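Enquirer: Residues per chain, in single letters:
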Amino acid sequence: MIRAVRHAVTVIAAICIAGVAGCATTPSVQRISPDQVTDVSGYWNDTDANLTAQQMISEMLGDPWLGNWERGHGGQQPTVIVGDIRNLSSEHISVSTFIDDMQRELINSGKVQFVASSVQRGEIRQERQDQDLNASESTRSAMGQEIGADYMMQGTINTIIDAAGDKAVKYYQVDLQLINMHNNVIAWLGQKKIKKVVEHARFRP
Amino acid sequence: MLSRGAGSGCVRLLVCALLIALGGCATYQASMQQVDKALVANNPAAALKALQSLKGGRDQALYLLDKAMILRMQGNYAASSDAFEQAKHLMNFLEAASISENAAALSLTENLRSYQGELYERLLLHVYLGLNYLQMNDPDSARVEVQQIDDMLKRLYPGTDAAPHGGDAFARYFSGLVYEDVGDWSDAMIAYRKAYHAYRREGVADSDIPHDLQLSLCRFADYLGLSQERDDYKQRFGLSSWPPVAMSGDDPEGQLVFVLSNGLAPAKLAVTSVVQDPVNGHLFSISLPRLQRRTPDIAGAELEIGGKSALTTQVESVMHDATRALSAELPRLTAYEISRNVARQAVANQADKKEQGMGALLSFIGTAVDQADTRIWNTLPDDIQLARLRLAPGTYTLRVSLLGHGGNAVDSKSFDNVVISPGRMTFAAWHAVSY
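Quick mapping for you: the protein sequence lines, in order, are chains A and B. At position 177 of the first sequence the residue is numbered 177 (my numbering), and the sequence of numbers has no breaks. At position 69 of the second sequence the residue is numbered 69 (my numbering), and the sequence of numbers has no breaks.
Hints are computed from structural coordinates only; laboratory data are not their basis. Note that this is a predicted model, so its numbers are computed, not measured. Be a bit skeptical, because a hint or two may be false.
[Claimed, not checked] Label pairs and their calculated CB-CB ranges:
#1 B/Gln228 / A/Asp84: 42 to 50 Å
#2 A/Thr47 / B/Ala96: 52 to 60 Å
#3 B/Pro243 / A/Asp130: 43 to 51 Å
#4 A/Val169 / B/Leu269: 38 to 46 Å
#5 B/Val40 / A/Ala135: 57 to 65 Å
#6 A/Asp35 / B/Val342: 52 to 60 Å
#7 A/Thr47 / B/Asp250: 37 to 45 Å
#8 B/Leu269 / A/Asp84: 34 to 42 Å
#9 B/Ala96 / A/Ala116: 42 to 50 Å
[As the list claims (entries may be wrong)] Some chain B residues judged to face chain A by a derived CB distance under 7 Å, without partners named:
#10 Ser98
#11 Ser100
#12 Asp140
#13 Asp151
#14 Thr160
[As the list claims (entries may be wrong)] DSBU-like, lysine-lysine: derived pairs with alpha carbons at most 30 Å apart:
#15 A/Lys195 / B/Lys154
#16 B/Lys308 / B/Lys55
#17 B/Lys413 / B/Lys37
#18 A/Lys196 / B/Lys154
#19 B/Lys413 / B/Lys308
#20 A/Lys111 / A/Lys193
#21 A/Lys167 / B/Lys354
#22 B/Lys154 / A/Lys193
#23 A/Lys192 / B/Lys413
Positions of the beta carbon are idealized from the N, C-alpha and C atoms, including for glycine.
Turn these sequences into a full structure, and let the hints steer you where they fit.
Expert: Here is the structure:
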C-alpha cells in the first residue's frame with residue numbers, strides 16, 4: 001500500500017513536471033539550405049513543389065512540340081501564359097508558389113517567353129494608363145504593344161490517400177497541359193507522381 | 001512505511017492537483033459564461049475578450065474553435081479560417097495518446113486531458129472552415145476541406161467511411177454542395193448519397209430527409225444516368241420533378257445557398273453523487289457530464305430575394321450529435337470513475353493506518369479534484385438550417401427574417417450586394433444567437 005501511495009505521488013509529480021516542462025519550452029531555430037529536403041509532416045512541401053516544377057518543365061522543354069513550333073516560326077520562341085492550375089487535392093497547397101517555380105524554370109531555360117498573368121496584366125495596364133497622363137513622352141510605354149500568348153499552361157494537383165490508423169500512403173499526381181491558343185490543340189501533356197508513406201506518432205508526452 | 005513527512009507531502013501534491021484541476025475548470029466555466037452572455041447581447045468583441053483566459057494549456061483547441069466561431073460571427077472570415085486551421089492541426093496532433101494525460105485521467109480526473117474534441121465537432125470544424133472559404137469566394141479551398149472530411153472518416157473508420165455514432169450527415173451534405181459548386185458532379189452525387197445514408201442511420205425517415213437533399217439526389221442521379229437509383233429516390237420521396245442539372249457552363253441561372261446557424265450548442269454540466277463511508281469517513285463519488293440544451297428562441301428563417309421567398313429547413317442538430325457522442329462515451333467515463341474511486345480508497349486506507357483522519361482528508365481532496373469534464377465546443381449552434389433558391393444572374397438584396405416558435409418574425413437582417421452568377425452558387429450565412 002505504501003507503494004500505492006508512492007506511485008500516486010510519483011504520478012502527480014510527473015503530471016506537474018510535464019505541465020511545467022510544456023510551459024518552459026522555447027523554440028529552437030536552425031538555418032538550413034533551401035535545397036535541403038525537409039519532410040516534417042508528410043504534407044506537400046517546398047521540396048515537392050521544386051522537384052515537380054524542375055522535372056516537369058525539363059520534360060516539357062525536351063518534348064517535340066517546342067521544336068515543331070520553332071521550325072514553323074523561323075526559330076522564334078513561343079510565348080506561354082500560365083492559366084488555371086487547380087488544387088483538387090485534400091491539402092491546402094500554395095498553387096502560386098508552384099506556379100512561380102515553374103515560371104522561373106521556364107524563363108531561365110531561355111527557350112520560351114512568358115507573359116504576365118491576367119492579374120498582373122491588369123495592374124500593368126493601369127500603370128500604363130497612368131503613364132499616358134503623367135509620364136513624359138520619351139519614357140511612356142504605349143498601349144497596344146503587348147505580346148499575345150501562343151500557349152496556355154493549365155493543370156491540376158490531385159491526391160489519393162489510403163490511410164488507416166496512424167499510417168497513410170499519400171499519392172500526389174500533378175497533371176499539366178499546354179494548349180495552343182490559336183487552335184485549342186493540346187500540344188503537350190505532362191504528369192508527375194509523388195508517393196509518400198507517412199506514419200504518425202502513436203504517443204505523445 | 002509511510003512516514004508523516006511522506007503523508008503530508010502527498011496531501012500537498014493532492015492539494016496542488018486540486019488547485020490545477022479546479023482552477024482550470026473554474027476558469028473555463030467562468031470564461032464561457034461571459035462569452036455566452038456577450039454573444040446573446042450581440043457583442044462578439046466582448047466575447048473574444050472573455051475568451052482570452054482560455055488561451056494555451058489543455059483548453060487550447062477549444063479556445064481556437066471558439067475564437068474561430070466568434071470571428072466568423074464578426075464576418076472576419078480570414079482570421080476565423082486561420083484559427084480553424086490552427087485548431088485542426090492541434091486536434092490532429094492530439095489524436096496520439098498522451099502518456100502523462102492518460103495517467104492523470106486514470107488517477108486524478110478527466111479534466112487533466114487536453115481537449116481533443118468529439119468527432120461531430122471535428123467534422124463541423126471542416127464544415128465551418130469550408131463555409132468561410134466559400135464566403136471568401138474560394139470554392140477550391142472549400143473543396144479541400146470536404147476532401148479532408150472524407151479522408152478523416154476513411155482513416156478513422158476504414159471499411160465504412162461513416163461515423164459510428166452519427167454526426168456525419170450534414171458534413172456529407174455540405175460536401176455535396178461544395179462539389180456541386182466546383183462542378184465535380186460525380187463527387188457531388190457520391191457525397192449526397194452518403195449524406196442520405198448517414199441521415200437514415202441516424203433514424204431520420206425518408207419523408208424527413210431535407211427536401212433540398214431529396215431534390216439533389218434525384219437531379220444528380222438523373223443527370224448521371226443512374227436511372228434505377230433515381231426511380232428509387234423518386235418513389236421514396238414522392239417527387240415527380242426537380243430542377244435540371246445544366247451542362248457545365250450552360251446554366252443560365254445561379255443558386256443562393258443560405259445557412260442559418262441557430263442558437264448555441266448545449267452546455268455540459270457535472271452531475272456528482274457523493275457517498276460517505278460512515279466508519280472511516282472516506283468519500284466515494286461518481287461525477288459524470290450531462291448535457292443541457294439551450295433551446296433557441298428562433299424556429300427558422302424566411303428568405304426574400306428577387307421576388308422569391310423560401311423557408312429554411314433543419315439539416316443538422318448539434319444537440320442530437322452531442323447526445324449520441326456523450327452516450328457512447330459514458331461507459332468509458334463510468335469505468336474510469338470507478339477505477340479512480342478504487343485507487344483513492346487504497347491511498348486513503350493506507351494513510352489512515354499512519355495517521356487517523358488523514359485518509360478522510362485525502363479522500364475529500366481526491367473527490368473534489370475528480371469532477372466531470374464539462375468542456376464542449378459550445379459556440380457551435382444548437383442546429384443548422386439551410387435554404388436554396390435558383391435566381392437569375394444579378395446583384396440582389398437578400399432579406400432574412402428570423403421566425404419565433406409561433407411563426408412571428410422576431411428579427412431581420414438585410415444582406416446587400418448578393419451577387420448571383422450563372423452556373424455558380426453564392427453562399428450567405430447568419431449565426432443568430434439566442435436561448
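Enquirer: Quick check: does the Cβ-Cβ distance between A/Thr47 and B/Ala96 fall within 52 to 60 Å?
Expert: violated, 25 Å
Enquirer: Starting from A/Lys196, check that the Cα of B/Lys154 is at most 30 Å away, please.
Expert: holds, 18 Å
Enquirer: Next pair to validate is B/Lys308 with B/Lys55; report whether the Cα-Cα distance is within 30 Å.
Expert: violated, 45 Å
Enquirer: Given the range 43 to 51 Å, decide if the beta-carbon distance of B/Pro243 to A/Asp130 lies inside it.
Expert: For A/Asp130 against B/Pro243, whose Cβ atoms are near 47 Å apart, the range 43 to 51 Å holds.
Enquirer: Is the distance from the Cβ of B/Val40 to the Cβ of A/Ala135 consistent with 57 to 65 Å?
Expert: Given a distance of about 58 Å, which is inside 57 to 65 Å, the answer is holds.
Enquirer: Hold the hint about B/Ser100 up to the distance rule: shortest CB distance to chain A must be less than 7 Å.
Expert: Since chain A brings a Cβ to about 4 Å from B/Ser100, closer than 7 Å, the hint holds.
Enquirer: Could you grab the alpha-carbon distance between A/Lys111 and A/Lys193 and see if it respects the 30 Å cut-off?
Expert: holds, 25 Å
Enquirer: Is B/Lys413 within 30 Å of B/Lys308, Cα to Cα?
Expert: holds, 16 Å
Enquirer: Please check whether A/Thr47 and B/Asp250 have a Cβ separation lying inside 37 to 45 Å.
Expert: Roughly 42 Å apart at Cβ, these two residues keep to the hinted range, so it holds.
Enquirer: Measuring from the C-beta of B/Asp151 to each C-beta in chain A, is the shortest one below 7 Å?
Expert: holds, 5 Å
Enquirer: Given the proposed pairing of A/Lys167 with B/Lys354, does the C-alpha separation stay at or below 30 Å?
Expert: Since the Cα atoms of A/Lys167 and B/Lys354 sit roughly 51 Å apart, the hinted pair is violated (cutoff 30 Å).
Enquirer: For A/Lys195 and B/Lys154, compute the direct alpha-carbon distance and say whether it is at most 30 Å.
Expert: Measuring from Cα to Cα gives roughly 19 Å; hence the hint holds.
Violated hints, listed in ascending order, are 1, 2, 8, 14, 16, 21, 23; each of the other numbered hints is respected by the structure.
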